[in-house]
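Enquirer: Below, each chain spelled out in residue letters.
2 protein chains.
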Amino acid sequence: MRLAILGAGDVGRSVADLAGEYGHEVVAIADSTGAAIDPDGIDVERALERKVGGDAVGTGDPEAVFETDYDALVEATPTTLGDAEPGFTHAKRALEADRHVVLANKGPVAERYEDLRAIEAESAGSIRFEATVGGAIPVLSTIEDSTPQAVTAVRGVLNGTANFILTRMAAEGLDYEHVLAEAQDLGVAEADPTFDVDGTDAALKFVILANVLADGGFALDDADVTGIQDVPGSALDLAAEDGRTIRLIGEATRDGVRVGPRLVPENGALAVTGTRNIVQIETKHAGSLHNSGRGAGGPETATAVLSDVGRLPER
Amino acid sequence: MRLAILGAGDVGRSVADLAGEYGHEVVAIADSTGAAIDPDGIDVERALERKVGGDAVGTGDPEAVFETDYDALVEATPTTLGDAEPGFTHAKRALEADRHVVLANKGPVAERYEDLRAIEAESAGSIRFEATVGGAIPVLSTIEDSTPQAVTAVRGVLNGTANFILTRMAAEGLDYEHVLAEAQDLGVAEADPTFDVDGTDAALKFVILANVLADGGFALDDADVTGIQDVPGSALDLAAEDGRTIRLIGEATRDGVRVGPRLVPENGALAVTGTRNIVQIETKHAGSLHNSGRGAGGPETATAVLSDVGRLPER
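These protein sequence lines map, in sequence, to chains W and Y.
Numbering-wise, full-length UniProt numbering puts 49 at position 49 of the first sequence, and it's gapless, one number per residue.
Numbering-wise, full-length UniProt numbering puts 270 at position 270 of the second sequence, and it's gapless, one number per residue.
Okay, chain W solo, but in the shape it has when bound (with noise of 0.2 Å):
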């Protein structure tokens, strides 16, 4: 397929740099500062170069992507909450002229998914998201499999930020604070962690889960959410002695969504060390299905955009 990816951060870079790896072509990247078109695949190394060296990724104008021949939009551009634009609106001119959009932004899906899904059943396009939610770790194709209607609940740890702090916070008894400072330092937690750290990165991923099980009714304020700011080191030590740890722990059912920090057994399959992320999905015919792995990354998540590309029909 031909693909035309909006944003060049570390998932739309990955996209780009792996399209060609799994049988697809880019035909246009494009972010605020500029484009790169060609409908006979642009030279991908050259314009990540340029946006890697500190240059806009292409001289071209970001509004010509929508006038490339293009199958699939890969929207790529940041997350924004409540009317989720740019990327609703993105997705919305690629439907309307039925392409295909496959989103890492989770935006559009967490806030505004039955308007989304209106737009597409009257498209030739589909809609594809399993990159919006647990990165690597393929959780929406599975439920897609199962059949939602199978699924009873999802649940899990789906921030590796907030997964991470709390796994060193429990290993070397050391504070909130202390650990966030590190794991800055390590590239873990962004400059400003805040959507990591309170819970609304997580959220917003359980609520897309909601969304799936129930085909729509949810949105980021309707989740009960609490992040891990507030949790003391001596909270982690209490719970070691009793054989459990703490862990920020997400929820999505038909009913609802919640998101807090929760013990879990300290070896159990809940407490994944780290940044790694892992979702339980409750099923009714066949248990408990467990599915773990790297959460976020450029890499990582364009293989779950490229796996949804892999996914789409034929237009």
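Don't read these hints as lab results, they were simulated from the structure.
Among the hints, a few may not be true.
Copies of the same chain look alike in the list, so a pair counts if it fits in one copy or across any two.
[What the hints assert, rightly or not] Derived SDA-like pairs (lysine to any residue); straight-line CA-CA distance at most 25 Å:
1) Lys284 <-> Leu312
2) Lys284 <-> His24
3) Lys284 <-> Leu48
4) Lys284 <-> Gly310
5) Lys92 <-> Thr253
6) Lys284 <-> Thr200
7) Lys284 <-> Gly187
8) Lys92 <-> Glu67
No experiment lies behind these values; they were computed from the predicted model shown.
With chain W fixed as given, assemble chain Y onto it according to the hints.
Expert: Leaving out everything else, chain Y in the frame of chain W:
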């Protein structure tokens, strides 16, 4: 899709039972004793009652299944080795009639993979075989979506009977024969448990995985297999002193297949307990994905069959 099911054991019956829930229709179910056939959809409940009650699943001729109008043949007859008959010929006949084949029977894809793919290449039908590896756990679809070229190895526990026995030996300090008897009482091990305890069942699954990674080239005879019958209780005690335990671990790469009892960290991912299975899928760009869940059982395996049916292309 309209399903013709060959095999009326746990798996065949569960597929018939759940097919409606997944939106599919059963037009035939047959085994060596008889067949229930109706192009408008059989009465599944009555067919299952007959079979479970000790009668034939129907009064029809099993041969007539191939004359029925169906979209996908579900091959759920017992796994056989070597020439993989009659399962192989069942699949061949369906493909030669341009129908799809969904296998729960390991024989054709473990022992005659390239032969089957060659027939598929000449057919408008496709083969899928998620149910042959890991029951409810989506292993092959995960590899397919990642693209097999991006997967370097698959490792794990894929036999629940052997895993249950080792778990109980370690937990209770009991010897192999004692725990085997317990497993048979619980229905976790068959009256003839040979293929489970000597590693053959696990090896067939890892051979199938190696065939997927390398696009053929392997059969059971190529696998290096050691079972659990000679693991003494003392080995597990010794392992425990070192924070480890023993599991029957298999590994498939493009270079081959090995199955045998291995030391693993006691609280690590590979030390799944009871009858649970786990696969670790090593990928080029996304690190290690772990999928665990129920590796066997009628409904569990049926969900894998029905996931496959959902992923069949239109003919």
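Enquirer: Against this structure, judge whether each hint is valid.
Expert: Hint check results:
{"no.": "1", "hint": "Lys284 <-> Leu312", "verdict": "between (27 Å within a copy, 23 Å between copies)"}
{"no.": "2", "hint": "Lys284 <-> His24", "verdict": "between (37 Å within a copy, 18 Å between copies)"}
{"no.": "3", "hint": "Lys284 <-> Leu48", "verdict": "between (46 Å within a copy, 20 Å between copies)"}
{"no.": "4", "hint": "Lys284 <-> Gly310", "verdict": "between (28 Å within a copy, 17 Å between copies)"}
{"no.": "5", "hint": "Lys92 <-> Thr253", "verdict": "neither (27 Å within a copy, 43 Å between copies)"}
{"no.": "6", "hint": "Lys284 <-> Thr200", "verdict": "neither (29 Å within a copy, 30 Å between copies)"}
{"no.": "7", "hint": "Lys284 <-> Gly187", "verdict": "between (40 Å within a copy, 22 Å between copies)"}
{"no.": "8", "hint": "Lys92 <-> Glu67", "verdict": "within (14 Å within a copy, 47 Å between copies)"}
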